[in-house]
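Student: Each step along the sequence shown adds one to the number in the working numbering, with nothing skipped, and position 218 is 838.
Among the clues, some could well be false.
In silico DSS-like cross-links for lysine-lysine, where the CA-CA straight-line distance does not exceed 25 angstroms [stated by the list, open to error]: (1) K1114 with K1072; (2) K1203 with K1311; (3) K1067 with K1096; (4) K1185 with K1203.
Derived from the structure by calculation, the hints contain no laboratory data.
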Amino acid sequence: MFLNPYIAGNPIRGSGFFGREDIVRAVLQMLRHPQENAIVLYGQRRIGKTSVLLHLEQRLAATGDYTPIYFDLQDKADKSLGVVLHELAQRISLAVGHKLPQPEPFDDEGNYFRDAFLPTAAQAAAKGGLVLLFDEFDVLDSPQPGQAGEKFFPYLRDWMTRAEGVNFVFVIGRRPEDLSTNSFATFKGARANQVGLLPVNDAMDVISQSIEAGSLLWVKDAMARVWEWTQGHPYFTQLLCSVVWEQMHDGHDQETVPQVLAHHVDPALDATLKQGANAFFWIWDGLPPAERVIMAAMAESEKAVIAHDDLITILNQSGVRLIVRQLELAPDTLVQWGLLTPTDGGHRFTVPLLKHWVARNKPLRRVKEELDQLDPLAERLFQTGQSFYQLKRADDAIRQLQEAIRINPNHLKAHLLLGQIYSEQNSLHVATITLKTAYDIDAEAAKSHYIKALLDYYETDTDTERQLKVYNDILKMDPGQPIARQRREVILTKQRIERFREKSQQAIQHQEREQWAQAIVVLEELLTEVPDEVDWQRRLAYAQQQQQLAQLYNQAIGALETGDKETAQRLLSQVIGQRPNYKQAARLLLRATEEIDVGALQTRIEHLQTNHRSTIAYEPTDAALQAQLERLQAKAEPARPARQTPAQQADEPPLDTPKPKTTVKRLSALNPLDYARLWWWLFMQRGCLQKHRSLYGGGAEERIGSWLSSTLTWLPFFILTLAGTMGRFSSIKFAFILFSAVCISWAMIGLLGDVDNFRTVNIVSVVVGSVAVGITVGVTLGVTAAIAVVVAVGVAVGVAGSLLCIHAGTVVSIVAIGVVLGVLVDVATVLTSSMTDVVAVITGVVIAGSLAGGTVLLVAREITENENILVIRVLGLLSWAIYLFLFWFAFLGGANILSSTGL
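Please take these sequences and the hints and turn them into a complete structure.
Tutor: Dropping the structure here:
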């Protein structure tokens, strides 16, 4: 039957002890030195210090020169000095063969032990004297009143200086300088040797125990793998080898000796960590908070060697933003304790198996709680602040917590409580800053507090983009956060509706201006976001058709201008086949079909109409688009915000409330009131004009627009003629001749309102007729100046009118002609009212004509393109001012006033 030779956990005696010859030599040197009587052995927990003392007891006793006494102080800290000295006296008596003493004589001052018992016992010891081996001596450090440690260290210092024939070996679990001042003073001048890791040869002897026992064989690679994990730590080496031994023998027959290969070692690690849990926790519990944080941070990295900068990065990423002094010094302290080993540019775990356990059982996210304990003063301040908070003394609590954070910037609970107090005081901005720091320290612990502060602070923010960013950040922290998700959806829905509204208005504007390419781009963007909206699909198809018609129409006009009637006829036929009433296509086609078979042409048009009848029968309107937008808004309306007041809820209309519908009566050229209505729409109420165009098409406005333009054109001439006939211009020379000629002109210009192709008619014919009449009258009456005046007026009207007709592409431009010609008559009349010089008259009228020609372009462009309703309304008011001025000039004495001033 095979037996497991490895001992893990209990002190090792006899043949199971390996190495430590350096420690034995140091103790023997002290014993042989007459001026020395004490040595301190220190090392980390589970490093084998007790085994070293037991081995020394055995070795020293075997020499016969010394009387060693092993005395464990582990459970003696709570006892009085007299009790501890009595128990020590019993151990000494057993070693020297004396009768066990009674407890009564041993006083708490140690006088009996020192003066009576010890001299007698020393005489009975070996010639080298007594060697007292004190184990776990540091448990007596920092005692409470009445305990052994309170008097033992002063007593021991006095004893060590006066005792003869007594030597001391002390074992402690930390460095001597880490003891309290009182305890450390006891060892002043004594030797100090560290009990560290076994060298590789001694570690291999430990591993080879099973080979010597014949119970388990090891190949060199397997032994090297154990060394890689334990680095000669005696306890962990024994433990790992013991687990491997058990696993190799589990289910193995007892007739052959199993052999350990390298790949057999790593599967034993989990069981090793489990069986050695008490030892690992014992080591961990002996570490101060800062050292624990550093160990956990280094275990986070997969690198074997951790550079200082990498360590700082790991701490920062985990929320340890400020590295206090304790954290700065912790790596060096761990090196001194043998838990870390310095390497080029960084540190590594001395025992990789310990790193494996820390990574598994002490992740940094949990160890960060130790940060609150880094500074005892900060912790006391936090406790005081917490008490003030419970007493509802918030201001006092804030001062204590702020001071705690100043001393220890990583104190999580202080940040959380301070942020909570700020939130309760409605200091939400400061609360978010404080809780953000807490979140950086420990995201999991502070997340709910930080999110609540953000939601409260940004609920009333008017910057929706900033709100949206904050809610997105919250959802990254907590994807299921319901309030942030709801508020985010509200903002996105409002932005989507506003974006739809803006784009739909852009589409309307582009359609009004017949900018079909731009309209198509906008509609395609809308359909990208809502591809299933049928109305927008139809509107896009309509815009695409209009773009095609416009291209064909413009190409046809170009062909007509170059004389290519056959191409023009083909293109216009395609236009009429799709839209029979498209602009002036029918009239242009008649011009292009001179000397062409009209019957064949009609057949071609009917064929085209048949082909296109099923393509696009839908012409969207602005009202239809607005209704669709309202339906979309109602469908996408989000839930109400959580804090909506009852008054706000009452003010909101139901989503399904029907919108009132408005109708616009069709304009008629036979109704004089519609002239005023069209003027009012152009300058004061553009929305009605858009609705009329969307309901009845643009062609419905062109005829009444032409009549309105011609009326506005001849009305100034008529006013002046009527006033002259009535004798209102007594001071104006040649009045009869002037207004006789002008009367003919305004009559002819008025006929333009009834011409179908008003925008293309040759207005020069009107001008020539006016000039001819003026010359005839002037020659007949022999008045040269009258001829000059009539010619000047005719030329001015002709120049301005020609320019206007060329640029009159819409009803807006058509009406602008009438407005600006009114300006022309005003200026020309004023300039010529007191002039008899022909050159002066001609110069004034030509200047007036030039001004009128330039002004019409400006007015037409501003009315058509300017989106500023104020500018458009000012233009409308100015047009009325023109006619009011003429009325004043003609009938209220304005002409005589201007004539008398010399203008």
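Student: Now tell me, hint by hint, if it's right for this structure.
Tutor: Hint check:
A distance of roughly 24 angstroms separates the Cα atoms of K1114 and K1072; the hinted pair therefore holds under the 25 angstroms criterion. At roughly 19 angstroms between alpha-carbon atoms, K1203 and K1311 fall within 25 angstroms of each other, so this suggested pair holds. Annotation: proposed proximity of K1067 to K1096 holds, straight-line Cα distance about 11 angstroms (limit 25 angstroms). Distance hint between K1185 and K1203 is fulfilled; the C-alpha atoms sit about 18 angstroms from each other, no more than 25 angstroms.
In terms of the numbered hints stated before, the structure departs from none.
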